[in-house]
Structures are given as structure tokens and as C-alpha cells.
Amino acid sequence: MQAYQIVQRARDVHRISTQEIIQALCSNFIECHGDRIMADDKAIIGGVGLMDNQPITIIGIQKGKTLKENLKRNFGSAGPAGYRKAQRLMKQAEKFRRPILTLINTAGASCTPKSEENGIGEAIASSLLLMSELTVPTIAIILGEGGSGGAIALAVADRVWMLENSIYAILSPEGFASILWKDAKLAFKAADIMKLTARELLELSVIDEVIEEKDTLLADLTNKIKSTFRELTAIPVEERMEQKYQKFRKF
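According to the working numbering, the residues represented by the sequence shown are 1 to 251, in order.
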């Protein structure tokens with residue numbers, strides 16, 4: 001399959017979503033709202049649920065499946081309030097020793113003038129710093145698009161996975177083609193050289209695992225999340241922190 005075909009699949013509005021994974025993985029999920037500074041960014045869903053009676057914090061970017069839903073969720077592009085909400089929940093999870101699962105599907109963070117004025121760059125940088133310092137077990141999964149700082153802000157985790165038809169890159173193929181060749185229509189050509197697919201990024205050791213998209217994806221994924229959190233919890237904190245440091249330090 002050509003890279004741009006995977007790009008198109010990654011953007012499919014019917015892909016598995018944060019909400020669906022929360023419903024399958026957790027009971028009694030309580031969504032938390034707001035960053036306690038300015039607003040509640042609906043592009044990011046975050047809260048606490050029970051995973052086999054164990055409390056877990058889940059933070060995920062949610063796109064809509066209809067135009068109305070996408071307008072509500074800003075097409076999955078979170079602003080400063082979204083990342084600060086994520087940070088608030090991460091700090092809470094660290095305090096109460098809860099594992100953290102992040103779910104990523106975004107073309108990138110909001111780049112509107114308002115977003116810039118309210119500090120999107122600082123919010124992303126703070127999220128990167130905070131995730132790098134977390135001592136609780138963390139898993140990040142790229143479900144569809146993993147675009148630029150908006151994605152990596154939630155992906156500094158002990159384990160980073162991608163669904164096989166997802167992408168992870170510094171910008172979109174259209175943006176890449178516009179910069180390099182001044183023609184967004186050459187996005188298909190850009191996708192072939194960007195190394196943005198899950199298989200390519202696994203070969204480069206940017207991610208830890210590719211998740212096959214079978215008919216039983218939701219059940220398989222929830223079981224894998226549970227078993228991996230058990231494995232991570234069994235690793236001494238200092239050792240797990242060193243593993244995470246070495247993984248990201250080599251980039």
C-alpha cells in the first residue's frame with residue numbers, strides 16, 4: 001500500500017476513537033473539564049475511570065464523525081486550554097499513582113491567532129516536559145493522524161504504539177509538498193519520502209509497536225493495554241524512567 005493511501009485511511013472519520021476506547025476499557029468513567037485557567041477545550045477528552053477495578057487516567061484527542069461534531073471538537077485540533085487540561089490530569093494521576101493512557105488523532109494543534117496569543121507553544125512544551133518526568137506507567141497510542149507538536153505533546157510515554165493505518169509526522173504531506181515544491185497536489189509524492197507510516201517508524205525505532213487493524217481491534221487493543229500496564233507496573237520506577245529517557249534521548 002502506498003504511503004498516501006495510508007494517509008487517507010488515517011483521516012477516515014470512521015476510525016476508532018478515544019470515546020470508543022474509553023467505553024470498552026473503563027467502567028464508571030468520569031470526564032473532567034477545563035484547565036482552571038481559561039476554558040474547556042472539547043478537542044481533548046480527559047478523565048478517570050476504572051480498568052478492571054483499577055483507577056486509570058485517560059487523555060485523548062477526539063475528532064467528530066459529522067460536521068457538527070467536528071465544529072464542536074475543532075476537528076481534533078486542541079488549543080492551549082486542551083494541553084493545560086491534559087497537564088492538570090497528568091499531575092493528578094502522578095499524585096494518586098494512577099497509570100496514564102493517551103490517545104492521539106490530530107492533524108496538529110490549533111494554530112489560530114487566538115491560540116498563539118494564549119500560548120500554544122508554551123502549552124505544548126510544558127506537556128513534553130511533564131510527560132518526560134512522570135513516574136507512573138504511561139502508554140500513548142496514535143489512532144489516526146499524529147501531526148506535529150499537537151501529537152508529540154501527548155506521546156512522551158513508556159510505550160508508544162501506532163495503529164497500522166495511522167501516520168506520525170512533523171507536518172502533513174500537503175504542507176510538506178507546499179514548502180518543498182510549492183504544490184500541495186504533490187502530497188502523494190511527499191508521503192512516500194516522509195517516512196510517516198507505522199511500519200517505517202517502527203523500523204526507525206520512533207515507536208515501539210504497530211497494532212494490526214483486525215475486525216477484533218477494539219477487544220484486542222483493550223486486552224493489550226491492560227496486559228502492558230501490568231508489565232510496566234512490575235518494572236521498578238527508576239529502571240522504567242531510565243528506559244524512557246534512553247528511548248527519547250537518542251533522537
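Note that these hints are calculated values from the structure, not bench results.
Be careful, since some hints might not be right.
Unchecked claim - Straight-line Cα separation of at most 25 Å, BS3-like style, residue types lysine-lysine; simulated pairs:
1. K42 to K91
2. K195 to K91
3. K247 to K189
4. K247 to K195
5. K226 to K195
6. K91 to K68
Taking the hints in turn, this is what the structure says about them:
1. K42 to K91: holds, 20 Å
2. K195 to K91: violated, 33 Å
3. K247 to K189: violated, 30 Å
4. K247 to K195: holds, 19 Å
5. K226 to K195: violated, 30 Å
6. K91 to K68: violated, 32 Å
Going through the hint list in order, the structure does not satisfy hints 2, 3, 5, 6.
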